Amino acid sequence: MTIAETRGLTKIYGAGETRVVALDHVDLAIEPGEFVAVMGPSGCGKSTLLNLMGGLDTPTEGSVVLDGRDIAAMSDDELTSVRRKRIGFVFQFFNLIPVLTAAENASLPLVLDGVPPKEALGRAEEMLAKVGLTHRSGSRPDQLSGGQQQRVAVARALITDPALVLADEPTGNLDSRSSEEIAGLLRQVSGEWGRAILMVTHDPRIAAHADRIVFMRDGRIVDDTRIANSDSARDAMERAGLL
Amino acid sequence: MSIQLRLAARYLAGRKLRTTLTTLAIVLGVMVIFGLNGILPGMIQSIQQVMLASVGQVDLSITSASSGTFEPSVAQAVARVEGVRAVSPALRRTIALPRDSGLDASALVVVGIDPVTAPHVRPYPLAAGRMLRPSDESGMRTAAMMSRELADKLGLRLGERFKLPSASGTTVLELVGMLDTPALPGSEEVIVSLPMAQRMFDVGDRISEIDAGFVSGADREAVQRAVRRAIGPDYIVGAVQTESPLSAGFEAASFIMNTIGVFALAMGGFIILNTFRTIVSERRHDIGMLRAVGASRRTILGMFLLESLMQGLLGTGLGLLAGYGLAIVANNALGRMVEQIINLPPTDVRFTPSTWVTAIILGVGVTVLAALVPARAAARITPLEALRPAIGDVYEAAATKRGWAGLALVAVAVAGLLSGNTGLAGLSVVLLLAGLALGSSVAVRPLSDFFSRAIELVYRSEGGVARANLQRNPGRAAATASAVMISIALIVALVGTITSTIEGFGVYAEKSTGTDYLILPQNLLLGGGTVGAGPELRARVQDTPGIGDVATLRFANTVLNGTAVQVVGIDPKEYGRIAGFEYSKGSSEADLTRLERDGTVLANGVFTAQYGSGRGDTLRLPTPSGEKRFRVVGVGNDYINAKIPTLYVSQAALERWWGVTTDVLILADARPGSDKAAALRELTKTVAEFPSFALYDTASWRKVQADLYAQMESIYYVLALILAIPSLLALLNTLTIGVLARTREIGMLRAVGGTRKQIKRIVLSESLLLAALGLSAGLIAGVWLGYVMILAVEGLGLAMPYRFPGVGIALAVAVGLSFAALAALIPARQAAKLDVIRALRYE
Amino acid sequence: MSVRHAILGLLAHEPRHGYDLHGAFEALVGGRGVWPVNPAQIYTTLSRLEEAGLVVKSMTRRVGGPDQNVFELTEAGREELDRWYESGAPSMHQRDEVFLKITLAVADDRARPERVISRQRATLYRDLHELTTRRSQLDTEAPLAHKLLLDKAIMHIEADLRWLEMTEARLHEMSRQPVPEREKPRRGRPRVTSIDKRPGEEGGDDT
Ligand SMILES: Nc1ncnc2c1ncn2[C@@H]1O[C@H](COP(=O)(O)OP(=O)(O)O)[C@@H](O)[C@H]1O
Ligand SMILES: [Mg+2]
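First to last, the sequence lines map onto chains C, D and B.
According to our numbering, the stretch in the first sequence is residues 1 to 243, in order.
According to our numbering, the stretch in the second sequence is residues 1 to 843, in order.
According to our numbering, the stretch in the third sequence is residues 1 to 207, in order.
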């Protein structure tokens with residue numbers, strides 16, 4: 001069973017001289033609860049893949065199937081509704097609304113979906129507690145550290161119970177300690193709460209939290225590796241040259 | 001949706017300075033529209049009230065449609081109508097009191113009533129003394145009544161005598177009764193018997209008003225209709241005619257004020273446009289993110305429109321408050337001026353529903369409209385924007401398409417101006433302004449290149465940076481320049497027109513008052529209300545030693561297309577000898593003699609412009625003696641009546657059709673070769689016996705006129721200054737936006753060794769450049785607008801000398817540049833004060 | 001690796017018998033799963049140390065079973081331990097199996113270096129995943145020593161991954177050069193021999 005799948009997904013930017021094939025017939029299937037990291041050099045199409053899967057952009061060719069529905073063919077309004085209900089985004093630059101409090105930011109997708117603000121705020125507070133931000137729910141983003149802001153963003157991504165959480169370099173703007181915490185949080189989101197996560201990262205240590213790593217190059221997937229449930233630590237240590 | 005509301009409110013509160021500036025822009029426009037409109041209706045209403053109050057508790061009042069007097073036989077016709085219980089004829093005249101009358105009022109209303117019938121249609125509650133008696137008509141007893149309040153005000157006691165000016169000079173009246181009615185300010189009535197009044201005003205047995213009482217229980221509407229049928233269309237039944245030239249004047253003033261308010265709001269619109277463009281570009285990330293997490297385009301559009309709505313409501317609300325304040329202050333100042341001219345009571349500031357609606361709709365509407373374009377741009381932002389890294393104040397492409405559209409509009413405007421048609425030329429101004437505003441985003445680059453060369457002479461490096469900064473965002477620069485442009489154009493045009501007009505009227509006055517002496521009522525109310533003099537004054541003037549030719553002007557009213565037209569009676573022969581009458585094209589002195597034939601009129605320029613009829617046309621005019629056809633035999637102007645739609649007829653015709661025989665204006669020349677000083681002394685003695693008249697010789701008359709124009713001029717300068725304020729706000733707003741958007745760059749400049757002084761100079765240079773852009777477009781538009789305004793004045797038949805508005809341009813340049821420096825003050829200080837480390841870290 | 005010196009270090013704290021030493025070592029590195037050493041290895045090493053005169057059996061104890069020897073440091077043993085503390089530990093990364101696999105595969109038509117790299121990377125990521133998981137499972141009370149050891153392993157894997165990435169990027173370039181031969185060394189050959197020798201390195205390799 002897959003929750004999200006791309007078939008022959010292709011994205012071409014520009015035309016003629018400036019034509020860039022950002023994605024070249026990518027097939028990728030993601031299972032529920034799976035934590036997938038996408039790695040690859042800059043410009044290889046990672047963000048493009050995420051944007052297409054999240055319905056932020058429309059493919060040149062191919063399809064994205066989410067919950068059994070092809071979102072490539074949807075209108076802007078339909079896409080908007082899918083993004084609101086079925087997809088959670090975590091961005092590199094947190095992208096919180098500076099004039100709203102942490103709880104208000106986290107409750108945004110619910111409020112946009114028509115949930116009464118009071119109820120939405122209540123649920124946001126719960127979600128913030130889950131991601132470990134109990135006492136800062138009334139703070140504005142500029143009063144929070146980067147790691148805390150990203151936690152708010154994760155809470156916002158999760159609040160509508162999305163099928164798929166997309167995170168484009170969620171730790172790209174954080175120090176290593178906060179990065180580690182956010183990666184651990186995402187791991188928990190997939191492992192304990194059963195959400196599928198697709199995360200772009202450059203950092204092997206962050207990628208190592210995933211169950212599976214997809215390597216991309218020049219718009220194509222060149223390697224797709226399960227890394228969870230591997231050999232014992234002994235082998236690991238040995239190969240690390242410690243023994 | 002409440003999230004939009006919450007976001008809008010938070011964002012507004014989050015950028016206080018910009019919200020304040022934007023709000024001010026709206027406040028200014030709304031204040032002008034609301035405030036000024038708050039004064040005028042009060043004054044108009046007050047005039048109407050005064051007129052209506054004179055009708056009192058009477059069931060029905062009948063006046064002539066042409067505001068003059070009419071035959072008393074009409075009263076019998078009214079009395080015959082079923083449902084009418086009683087009728088009473090009356091004559092009502094406002095008399096201006098000479099300054100030395102000894103009475104504490106500038107004008108009184110003299111009402112002649114029939115003591116027998118009057119109490120049947122209207123109550124006269126006596127407080128002291130007695131009611132007028134029929135025996136008072138004998139002419140031996142000159143009895144009068146007035147309200148106790150008025151008597152107190154005038155300091156009169158029962159039995160005391162007082163003098164009033166009349167057609168035969170003065171009339172002495174004795175106060176025999178005091179009434180318990182309130183003396184409505186502005187309609188202080190002195191009640192005398194009808195024959196007495198008819199003698200005082202030299203109108204024979206004519207009356208000006210019929211009051212009627214209804215049978216109790218009668219269908220008032222039906223009776224009114226029946227009365228109207230019985231007496232025909234020449235009379236106004238029910239209410240006093242309110243379409244007086246005075247209230248028409250106020251309405252014209254109201255129109256001008258509204259236009260200025262709309263211009264102020266248009267400038268406000270550009271400021272708002274800039275503000276919202278900036279906040280949209282600042283919030284690209286937020287918008288992208290909102291779209292990514294599921295906000296629809298409508299939600300985004302709604303959010304910005306809501307924000308502009310709140311901004312508009314805030315500005316409009318404060319504008320209404322400020323307008324209220326302005327109304328009170330201006331009402332006090334203006335009221336005093338008006339009170340000197342006509343005896344109008346101090347009026348209340350009053351806001352009609354339409355004033356409220358206009359101010360609110362314009363204030364909120366302009367804000368929302370100006371925000372619409374940026375809001376739509378915001379709704380088009382894709383969610384991908386959220387993922388791109390933040391960008392600072394980047395280069396923005398100039399909207400070339402809009403630029404070409406603007407140029408095309410300018411071309412059409414040129415064609416309109418050259419067409420020679422006044423209407424098209426007027427339209428061309430609007431097109432020109434719109435075209436320049438549209439095209440300016442394209443012109444920003446070459447023009448700023450040009451002007452920055454001058455600035456770089458002084459601030460070599462700073463000027464270049466300022467120019468580059470400005471060129472980065474041509475749209476913002478263009479909107480700012482457009483606001484400045486409108487200010488400058490209006491200043492140039494206003495000042496230019498005023499200088500031209502004053503000069504024109506100066507020349508005109510010189511020609512028109514070719515007479516040596518001018519005798520006219522101390523408070524001249526052309527178009528009605530002014531008491532004239534009987535034949536006596538004219539005869540006495542003629543007999544004064546040293547006086548040669550004499551001519552008189554008489555006044556009456558008629559109505560054309562529902563508006564009042566002044567009718568001036570002249571004696572063609574004597575008038576032609578003495579008066580400087582300026583003939584328009586196609587007319588000549590010969591036309592004047594044609595006036596001796598009945599059924600002919602001369603029209604003045606304002607009249608032909610307003611009614612579109614000229615030489616050879618036939619007019620159907622209501623007169624107190626029924627409708628009459630008149631043919632226009634010529635067009636020309638005299639100075640005194642130049643601003644009022646006027647028809648000239650012979651005095652014989654005026655007497656025949658309007659029943660007017662009193663002289664209001666007397667023109668006299670010294671006999672050639674006589675001692676002018678001596679003649680003036682003699683004439684002064686003669687006129688002194690007619691206290692409501694004043695004597696001017698050419699020099700003193702011109703001085704009076706010059707003072708009047710100086711007063712007007714200063715009002716226009718104040719107006720021009722008010723119109724300049726929005727441009728100051730626009731500059732301030734843009735510079736603040738620029739400093740904020742470039743915080744990092746400023747930090748970098750400081751870090752690599754830029755001094756505070758240099759930073760300040762960069763901001764100042766940018767401000768000067770912006771002002772220069774606005775000035776260059778504004779000067780063109782202003783000269784153009786000024787020219788079109790002169791054309792319009794010429795269209796009224798007044799030959800205006802066109803003067804290139806050098807003073808206006810100098811003033812506009814001075815205002816523009818000093819405002820630029822002023823506007824740069826705060827942002828420059830802000831920029832220079834930036835903490836380098838914080839600025840570099842600024843996101 | 002220096003289990004030898006670890007035994008000397010542990011005996012410097014207090015005399016212990018062989019079984020005791022095994023337990024102490026496991027506790028030190030954070031459990032059997034992290035760095036497993038079997039008891040036999042401990043005993044062999046002990047007897048070698050005894051032969052070298054670095055440790056002595058001080059006492060025989062009998063606790064209801066076979067005799068157990070308690071060892072303690074000799075003067076020479078103390079000196080050897082001091083020397084160990086004083087010297088640096090050698091880096092052994094130049095002896096790398098992956099390097100060999102890749103360079104040889106480049107020249108071998110039947111092997112595919114890309115595949116080697118891809119396999120290796122998968123392996124490294126698996127290890128990294130495992131170590132990260134273990135590291136994140138250590139609670140705050142766990143000995144700092146254990147965390148530090150895992151961190152070290154993680155950092156090494158990261159370095160290896162970086163190297164692998166760099167190599168992959170230059171694979172094409174590499175394939176255009178012949179395999180380095182003994183007689184005629186070329187540019188581009190890995191400069192194994194030039195790595196600095198640090199003082200005390202000679203004594204460090206006996207695992
Ligand atoms: N809006 C765009 N227009 C043109 N080219 C683009 C656009 N977005 C991305 N690209 C190109 O597509 C390729 C893939 O980009 P991206 O998915 O952002 O890479 P990554 O996230 O892996 O760094 C790059 O070559 C990039 O230059
Ligand atoms: Mg990317």
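No lab work stands behind these hints, which were simulated from the structure alone.
Keep in mind the model is a prediction, meaning the values are calculated, not measured.
Please note: incorrect hints may appear among the correct ones.
Stated by the list, open to error - Label pairs and their computed distance ranges (CB to CB):
hint, chain 1, residue 1, chain 2, residue 2, range
1, D, M748, C, D70, 36 to 42 Å
2, C, R226, B, E141, 30 to 36 Å
3, C, D27, B, A27, 34 to 40 Å
4, D, T20, C, R177, 55 to 61 Å
5, D, M748, C, R177, 29 to 35 Å
6, B, E86, C, R220, 50 to 56 Å
7, D, D449, C, E119, 55 to 61 Å
8, C, W193, B, E51, 42 to 48 Å
9, B, A159, C, W193, 29 to 35 Å
10, C, D77, D, V807, 57 to 63 Å
11, B, E114, C, E119, 52 to 58 Å
12, C, E17, B, M174, 30 to 36 Å
For every residue, glycine included, the Cβ atom is placed at its ideal position computed from N, Cα and C.
Could you tell me which of the numbered hints above are not met by this structure, giving the numbers in increasing order? Hint check: 1, 3, 4, 8 fail, others pass.
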